[in-house]
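Undergrad: Based on the hints, put chain V in the right spot on chain H.
2 protein chains.
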Amino acid sequence: MKIALDAMGSDNFPQPDVEGAVAAAREYGEEVLLIGDEKIVSPVLEKLKPGNLPIRIIHAPEMLTMEEKGLALALKAKQKEPKTSMAIGVDLVKEGKADAFVTMGNTGAAAAIAFFRLGMLPGIERPALAPVFPTRKGFCVVLDIGINPDIRPQNLVEFAIMGAIYTESVRGVKRPRVALLSNGEETGKGNFLVREATPLLKAGPLNFIGNVEPKEVFAGAVDVAVTDGFSGNIFLKSSEAVAKMITDMIKDKIQSASLPVKIGGLLVRPALADIRKMLNPSEEGAAPLLGVDGLVFIGHGRSDARAVQSAVRVAAQAARSGMQDLIRREIARRGPDDAKTGGVG
Amino acid sequence: MKIALDAMGSDNFPQPDVEGAVAAAREYGEEVLLIGDEKIVSPVLEKLKPGNLPIRIIHAPEMLTMEEKGLALALKAKQKEPKTSMAIGVDLVKEGKADAFVTMGNTGAAAAIAFFRLGMLPGIERPALAPVFPTRKGFCVVLDIGINPDIRPQNLVEFAIMGAIYTESVRGVKRPRVALLSNGEETGKGNFLVREATPLLKAGPLNFIGNVEPKEVFAGAVDVAVTDGFSGNIFLKSSEAVAKMITDMIKDKIQSASLPVKIGGLLVRPALADIRKMLNPSEEGAAPLLGVDGLVFIGHGRSDARAVQSAVRVAAQAARSGMQDLIRREIARRGPDDAKTGGVG
Chain H
1 MKIALDAMGS DNFPQPDVEG AVAAAREYGE EVLLIGDEKI VSPVLEKLKP
51 GNLPIRIIHA PEMLTMEEKG LALALKAKQK EPKTSMAIGV DLVKEGKADA
101 FVTMGNTGAA AAIAFFRLGM LPGIERPALA PVFPTRKGFC VVLDIGINPD
151 IRPQNLVEFA IMGAIYTESV RGVKRPRVAL LSNGEETGKG NFLVREATPL
201 LKAGPLNFIG NVEPKEVFAG AVDVAVTDGF SGNIFLKSSE AVAKMITDMI
251 KDKIQSASLP VKIGGLLVRP ALADIRKMLN PSEEGAAPLL GVDGLVFIGH
301 GRSDARAVQS AVRVAAQAAR SGMQDLIRRE IARRGPDDAK TGGVG
Chain V
346 MKIALDAMGS DNFPQPDVEG AVAAAREYGE EVLLIGDEKI VSPVLEKLKP
396 GNLPIRIIHA PEMLTMEEKG LALALKAKQK EPKTSMAIGV DLVKEGKADA
446 FVTMGNTGAA AAIAFFRLGM LPGIERPALA PVFPTRKGFC VVLDIGINPD
496 IRPQNLVEFA IMGAIYTESV RGVKRPRVAL LSNGEETGKG NFLVREATPL
546 LKAGPLNFIG NVEPKEVFAG AVDVAVTDGF SGNIFLKSSE AVAKMITDMI
596 KDKIQSASLP VKIGGLLVRP ALADIRKMLN PSEEGAAPLL GVDGLVFIGH
646 GRSDARAVQS AVRVAAQAAR SGMQDLIRRE IARRGPDDAK TGGVG
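If you're matching them up, the sequences are chains H and V in order.
Numbering of the first sequence is given in this note's numbering, commencing with residue 1 and proceeding in unit increments.
Numbering of the second sequence is given in this note's numbering, commencing with residue 346 and proceeding in unit increments.
The shape of chain H in the complex, shown without the other chains:
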């Protein structure tokens, strides 16, 4: 597979991005197109001695920063002649010159560029970002976690279909259990969106197990949790914030404690480090932006080389799985009526 990778994406670009690309090319044999300012990227790549690895730099004179937003961003996203590393990368996918695009850059910018330059899959109205969360039993794909703060019930159905196909075909979960994230499991609970989407999902072909609260997600009772981008973002950010608060509190408590507790702290340090690693989303690489007409993966700005490498691997897996065609087919299968109420395409 040929993966286009934004060399200017991560907070510490281009080091983690280029290092991750080299590792992915070396370990998995994937071809990587490194997109970025040649003057900046080339010396970093050379230092890593790529030898005969299938890595090539594609020059991009501009880059999008974390500050990019609003109208200025929309104009850059739509520029006819692509100049930014993100636009060039997305266009490679559009033109069939790459199988997927991966970036660790500004999520909003990447989503806008993908949306404007690739368009949507027919019958899908809104894109959704679908990261993987650690649970007590493995993982759960949660979508949308931040692209669409305001949606319609039908969009939740689209998210459920796309999330289930991604989880089955790329993450290897047979007939994944799908649920709507809600404020309670009983019928009648949920906001307007959840209440309207529940019967649509019950009537559909997915393995829909009903509505779940956040505790079921973390307990591993569900493989795909579906929600709007506002609630999903609150879910993501609360989880991250509480995890950080607790691990910080443990550190503080131990540091300011008596000698025996301090010694205990030293002894349990490896166990705590394991947990912190498990909770670290960068381990998972990047999340797919589902629904756009082309494979795009977006990772955390603070990703290290290992996360970049893992993102390239997952993007290649997604390309091999034929996931996009499966989504296309499933949406078409639902018939013109569903497609009409659900889509703009």
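Hints should not be assumed to be uniformly reliable.
[Unchecked claim] Simulated crosslink set (PhoX-like; lysine-lysine; CA at most 25 Å straight-line):
id : chain 1 : residue 1 : chain 2 : residue 2
1  : H       : K137      : V       : K425
2  : V       : K607      : H       : K277
3  : H       : K253      : V       : K622
4  : H       : K97       : H       : K2
5  : V       : K439      : H       : K277
6  : H       : K244      : V       : K425
7  : V       : K622      : V       : K589
8  : V       : K425      : V       : K414
Calculated directly from the structure, the hints in this document are not laboratory data.
TA: Below, chain V without anything else, positioned relative to chain H:
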């Protein structure tokens, strides 16, 4: 102050409820009206030797369970002659025979009963449940965390006013910092509700500091975080679930580890217990149901006697503070136009 307390509220009723009542009467001198089945409550109270403490049992032939919901609940909530401990307790407040009602029972049932029997304060359209969250620097009041899954922007403004008055007059925070919970701090972020409510709050008299993400709540950057009941519930439940997952993971890790780590685990146990206690919402007693025309506090079903005692104390504080009148006055001060767009009263 005279506090009506549901003796049949907690999961382990009536023991924690009655024990908490006795402790509150003894330590703070508050008068407690214990409402419940006399045959059940009386022996428990007698065992605790209340002597001359200002505690009195008021018989209630029925109780509402955790299973109560829907139409059956609505009918019970509206019953003319109150029979359940919740309805009798709420009616005592309505008739001025108690200054506040406290229950550790079914949140939905308590909210429905309070709403139907007390009605709303003039100019307030929706009630909001406002618990206190632990933060790195102290606490933050978050509302609504589950009563109203679907609201209008104006309701967020009402929640902000009520939350600020409660936090200042009962929790003792001078000119509390108020923020909307959102998926980002920048202007333009947020869902429809947040985007519409932001200018209304900016133009108002509160110490509105803008929009915050969950991490700012836990960092202690804000005293009152305002949100709709659906997102607020996701926030609450994600936080609880992640806290539980991490403390469980730490326990598992240590138990299955090598001897030195196990010894370390024993040594850090007090520090972990402190943290678990800090994260335990039952320490905070109960949350006010703001907006109804009478003071009602609702706590966790799993509350122990200490949580019940603390709830009685906070309810008495709220009654003494004149909080309800402060809310009434602030809503009236906003003028008939605001009151009209914001209220049903």
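Undergrad: Within 25 Å, alpha carbon to alpha carbon, are K244 of chain H and K425 of chain V?
TA: violated (50 Å)
Undergrad: Would you mind confirming whether the straight-line C-alpha gap from K253 of chain H to K622 of chain V stays at or under 25 Å?
TA: Distance ~13 Å between K253 of chain H and K622 of chain V Cα, so the pair holds.
Undergrad: Would you check the hint for K622 of chain V and K589 of chain V, treating anything up to 25 Å between C-alpha atoms as holding?
TA: Roughly 12 Å between the alpha carbons, so the hint for K622 of chain V and K589 of chain V holds.
Undergrad: Within 25 Å, alpha carbon to alpha carbon, are K425 of chain V and K414 of chain V?
TA: holds (18 Å)
Undergrad: Please work out if K137 of chain H and K425 of chain V have their alpha carbons no farther apart than 25 Å.
TA: Distance of about 50 Å is beyond 25 Å: violated.
Undergrad: Are the Cα positions of K439 of chain V and K277 of chain H separated by 25 Å at most?
TA: Violated - the C-alpha atoms of K277 of chain H and K439 of chain V are around 54 Å apart, more than 25 Å.
Undergrad: Compare the distance between the alpha carbons of K97 of chain H and K2 of chain H with 25 Å, and conclude whether the hinted pair is satisfied.
TA: holds (8 Å)
Undergrad: CA of K607 of chain V to CA of K277 of chain H, is that 25 Å or under?
TA: Holds, at about 20 Å.
Hints 1, 5 and 6, counting from the list given before, are not met by this structure.
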